[in-house]
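Using the sequences provided together with the hints, build the complete structure.
Protein chains in written order, with this note's numbering: chain F, 246 to 428; chain G, 623 to 729.
No wet-lab data here; the hints were simulated from the structure. This one's a predicted model, so the numbers in the text were calculated from it and none came from an experiment. Among the hints, erroneous ones may be present.
Derived lysine-lysine pairs resembling BS3-like cross-links, with alpha carbons at most 27 Å apart [what the hints assert, rightly or not]:
hint, chain 1, residue 1, chain 2, residue 2
1, F, K300, F, K360
2, F, K300, G, K668
3, G, K686, F, K367
4, G, K668, G, K686
5, G, K668, G, K721
What follows is a list of derived Cβ distance ranges for each label pair [to be verified]:
hint, chain 1, residue 1, chain 2, residue 2, range
6, F, E378, G, T638, 22 to 32 Å
7, F, M379, G, E636, 22 to 32 Å
8, F, I427, G, D657, 52 to 62 Å
9, G, T638, F, V250, 25 to 35 Å
Idealized CB from N, CA, C, for every residue including glycine.
Spelled out from the first residue to the last, the chains are:
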Amino acid sequence: MPEAVSALKGVSHTGFATVAEAGLTGMIQIRADLASPRLAAVLAERGLAVPEQRKVVTGGGRRLAWMSPDELLLFCSYDEAPVLAGDLTAEMGGEHALIVNVSDMRAVFTITGAKRDEVLMKLCPVDFATLPEMELRRTRAAQTGVALWRSGPEEITLICFRSVAGYMMGLLETASRKGGEIF
Amino acid sequence: MLTLTCPCCGVTAEETELTYGHEAHLKRFGPGSTDAEFEDYLFNRKNPKGVHFERWRHSYGCGKWFLAARSTVTLEVYGTYSAQTTEPPAELIAKIKEKCPGWEGWQ
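Below, the structure written as structure tokens:
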């Protein structure tokens with residue numbers, strides 16, 4: 246079995262904010278009827294609730310994000326993702342749902358520092374002044390689709406497709422260079 | 623620049639995050655229809671100067687389709703609503719009538 250590596254092997258850059266590729270992250274896509282009691286029960290067993298519109302919830306060391314009216318994204322450790330996706334599928338019984346391990350499909354970045362918002366203000370058509378904590382915002386960064394949320398104090402986490410990880414890092418690196426602060 | 627609120631995810635998104643999907647509320651004429659009806663369905667659009675109903679897709683966001691009413695002259699957006707409907711909501715029609723007294727209606 247070859248060793249799994251993330252898209253950019255954890256490369257980072259420090260300008261007026263620090264941007265870094267977060268390394269291997271487990272991600273499981275859940276496409277289902279979000280009002281389903283079965284889904285709620287399956288998630289509740291792991292200490293998670295179905296998040297409200299656009300919210301990210303935490304439980305049992307994992308995170309669950311609302312992606313669209315019929316889609317959730319579960320963040321877990323990279324190693325447990327294949328087994329967990331299988332378990333979730335089995336526990337849904339016959340109920341229609343698509344639960345897939347998409348860990349290798351995406352790249353995860355973190356933007357940290359007091360001026361983290363200013364990096365993304367240059368790239369995304371989002372009003373960061375009104376973006377609450379733990380609210381997932383799907384948008385675009387320059388020419389590629391991303392999802393981002395305030396994952397902690399002075400930290401924003403951003404995900405994009407793995408195929409555009411190099412482009413994304415280029416954007417973040419350029420936008421966070423010293424002297425490029427907005428305010 | 624248009625700013626539309628996606629009724630599927632509640633995000634107020636600007637135009638570049640969305641994809642335009644042309645006129646809404648088209649009635650399909652397929653097999654069994656006359657040539658004139660089929661031609662009309664395929665090629666002829668209203669292209670109004672004023673109130674226009676359109677399909678939009680929140681393509682960089684939740685990925686869902688929705689419908690919007692806006693003015694092609696002033697770019698004023700009257701409202702957005704779910705795509706799972708065959709006609710605009712009554713309250714939206716009332717609102718547009720109030721703002722545009724001379725409006726001939728959506729059909």
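Q. For the pair supplied as a hint, K686(G) and K367(F), is the alpha-carbon distance within the 27 Å limit?
A. Distance of about 26 Å is within 27 Å: holds.
(Q) Need the status of pair K300(F), K668(G): alpha-carbon distance at most 27 Å? (A) Violated, at roughly 40 Å.
**Q.** Distance restraint evaluation - M379(F), E636(G), Cβ atoms, bounds 22 to 32 Å
**A.** holds (23 Å)
Q | Hint consistency between K300(F) and K360(F) [alpha-carbon to alpha-carbon, up to 27 Å] | A | holds (23 Å)
Q. How does the Cβ-Cβ distance of T638(G) and V250(F) compare with 25 to 35 Å: does it lie in that range?
A. Cβ of T638(G) to Cβ of V250(F): about 33 Å, so the range 25 to 35 Å holds.
Q: Would you check the hint for K668(G) and K686(G), treating anything up to 27 Å between C-alpha atoms as holding?
A: holds (25 Å)
Q. Within 52 to 62 Å or not, the Cβ separation of I427(F) and D657(G)?
A. holds (59 Å)
Q.
Does the beta carbon distance between E378(F) and T638(G) stay inside 22 to 32 Å, or does it fall outside?
A. At roughly 26 Å between Cβ atoms, T638(G) and E378(F) fall inside 22 to 32 Å, so the hint holds.
Q. Regarding the pair K668(G) and K721(G), is the alpha-carbon distance no greater than 27 Å?
A. Distance ~20 Å between K668(G) and K721(G) Cα, so the pair holds.
When the structure is compared with the earlier hints, a violation turns up for hint 2 alone.
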